[in-house]
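Participant: As they're listed, the protein sequences go chains G and D. For the record, in the first sequence the residue sitting at position 1 is 1 according to my numbering, with numbers rising by one throughout. For the record, in the second sequence the residue sitting at position 256 is 1256 according to my numbering, with numbers rising by one throughout.
Mixed in with the good hints, there may be bad ones.
What the hints assert, rightly or not - Okay, derived cross-link-like pairs now, DSS-like style, lysine-lysine, Cα gap no bigger than 30 Å in a straight line: (1) LYS1118(D) to LYS1022(D); (2) LYS1022(D) to LYS205(G); (3) LYS205(G) to LYS1118(D); (4) LYS1116(D) to LYS1208(D).
To be verified - Some, not all, of what chain G presents toward chain D, calculated at C-beta under 10 Å: (5) LEU21; (6) ARG22; (7) ALA109; (8) ILE138; (9) GLY166; (10) LEU193; (11) PRO239; (12) VAL243; (13) PHE268; (14) VAL282.
What the hints assert, rightly or not - For the chain D half of the interface with chain G, some residues (derived, Cβ under 10 Å), not all of them: (15) GLU1026; (16) ALA1059; (17) THR1063; (18) VAL1250; (19) ALA1270.
The set of hints was computed from the structure by calculation and includes no laboratory data. Built from N, CA and C at the ideal position, the CB exists for glycine as well.
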Amino acid sequence: MSDSSATENRFESFTVGDVSLRNVGVHVVMYGAALLFVVPYLYMITTSLQTQQQAVAEGMHWIPDPITFTAFTDLLTQSLIAQWAINTLIIASVTTLLVLLVDSMIAFALTRLDWPGQRYVLALIIASFMVPGFVNIIPLYILISDLGLLNNYAAVILPFVAGPLGVFLLAQFFRDLPYELQEAAQLDGFSNLRIYTHLILPLSKSILTALALFIFVWSWNQFLWPLIVLQSEAAYTLPIGIVVLRDNFTYQPAVTMASALIASGPLFILFLLLQDQLMSAVEMQGVT
Amino acid sequence: MSVTDRFDGIKGVISSDSRSRKELIEGILFSLPYLVIFGVFLLYPLVMGGYMSLFDWNAIDPTQSVFIGLENYQQLLNDSDFWNALGNTGYFALLTVPSIVVVALGLALGVNRDIKGKGLLRAIFFSPYILTVSVTAVVWVDLYSTQYGLINHYLGMVMANPPQWLQTRLTAMPAIAMTTVWWLVGFSFVILLSARQSVPDYLYEAAKLDGAGTWRQFRDVTVPQIRHAIFFVVIINIIWAFQVYGQPYVMTSGGPGSTTETLVMYLYEAAFAQRNFGYAAAIGYVLTGILVMVSIANYYLLGGDNE
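Next comes chain G alone, as it looks inside the complex (with noise of 0.2 Å):
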């Protein structure tokens, strides 16, 4: 112990300026990692640029010569990504807009409202946090058929819905409110409506943009389930089209980076716009 301390002050009086040894070390080894972590994207967006011929070449090409669009020009003339994305972006709003709307409602009423009952419902939705997904596959497939719902969006986003983590979230936010404001709110004459449409919901749009942004990702994201109830080419997600893609266009990288950037990228500028957000529903994951 007090050898590690005598090494650690050895490292503190190398300084140049105010700079220690050891922190430019921190830097050195930080930056390392990030530039690992940043090599795939780098090697997505110039590969996409290639021509054929420079993608399959010998090598690692980082500038492409020539920079051409042919890859994602192939993609929208010969494959059906538009149509894909537009799939992928019904869903994922879809399946949003009614997390928020659903899980908010149950929310407020397992928090704001007195009825019976409601700490058996609350006790059954967490404990169904710990139901994997695939689990449900099979008979969720029967049902699914038996309602005449595959190939049907609703088949890939009521499954979605059902899930608890964000009625969770919403619950755990929503108790920690000020009772005094629902109480005032109460002696003004508000319904119990008007206090969750115009009190709770107001308040609460912070976690509500986090859980949104968070569902949006993971609803675009999804892969297994829409592979299994999309039956049709047209109907697909992009999700499962680049992999369709993939095997159409074998040994073609150039137009495989580009399928997974056009795949990727509306979630990139999401994130670069919202990222703090979209964190902070994962640290409410940590911290519940």
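Dock chain D against chain G, hints included.
Facilitator: Frame of chain G, contents of chain D only:
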């Protein structure tokens, strides 16, 4: 201690005379939309799955299904493909969970230090987590490619025969694991970083006064203070690892041989290739059993500390 108890305080706050018939009706009305969806698309399939696992299920005409009790489960015990898939999944968990936790912790402690561009680093380490599994997988298949891949291009400069990552039994699963670490580490990183940031500074000041070096501060202050976050991250990664599907499905289709065939892939095949729905439902229940045990172990490990 239970999570529901934390919500009980509410009842005392709302005055008791409001506990009325109206409140009951409103509570039900507000809850109904979610509860219907929850009941139909989560609870019902869950119960139905358990029921199906006791049958030799007839996919074409369910009324012709034959009740066979626990035979599906007995059959699993003697099914070498099932054990292979379970073993592969366990191996995958063994490769990924410790790596993700260690890397996430290292990155979190690094970013927490006095470092320039914290926000940028945080965004970079988190960003792969927002990708879909299929994008992650197709990009990494090309990175691993022996013909034009980036990894072997650079490895080829320092070694004569770089591995054929996804084509050989020895390297296929580790390669998938490496991809998974890159893809998922951001989630654990954010959780651990936020836990570390909530450790009060005075604890470190006190430790320094006692002469504790960096390692002692890490061992005696950081780790005990953020142990709940570490537990959470370990458990959630085990749960994710046991459900792995997309990466091997896209990257290797379970090969070479069946060395990267996972439990969920096996379940999927039993159901949709062999139409053996009852058997697949039994696989699902066994896997759920494993994960519930992990969750319960987690609950007691954490609970024991709390009380």
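Participant: Now tell me, hint by hint, if it's right for this structure.
Facilitator: Status of the hints after comparison with the structure:
no. : hint                     : in the structure
1   : LYS1118(D) to LYS1022(D) : violated, 52 Å
2   : LYS1022(D) to LYS205(G)  : holds, 28 Å
3   : LYS205(G) to LYS1118(D)  : holds, 26 Å
4   : LYS1116(D) to LYS1208(D) : holds, 24 Å
5   : LEU21                    : violated, 14 Å
6   : ARG22                    : holds, 9 Å
7   : ALA109                   : holds, 4 Å
8   : ILE138                   : holds, 5 Å
9   : GLY166                   : holds, 9 Å
10  : LEU193                   : holds, 8 Å
11  : PRO239                   : holds, 4 Å
12  : VAL243                   : holds, 5 Å
13  : PHE268                   : holds, 7 Å
14  : VAL282                   : holds, 5 Å
15  : GLU1026                  : holds, 5 Å
16  : ALA1059                  : holds, 8 Å
17  : THR1063                  : violated, 13 Å
18  : VAL1250                  : holds, 6 Å
19  : ALA1270                  : holds, 9 Å
Against the hints set out earlier in the document, violations occur for numbers 1, 5, 17.
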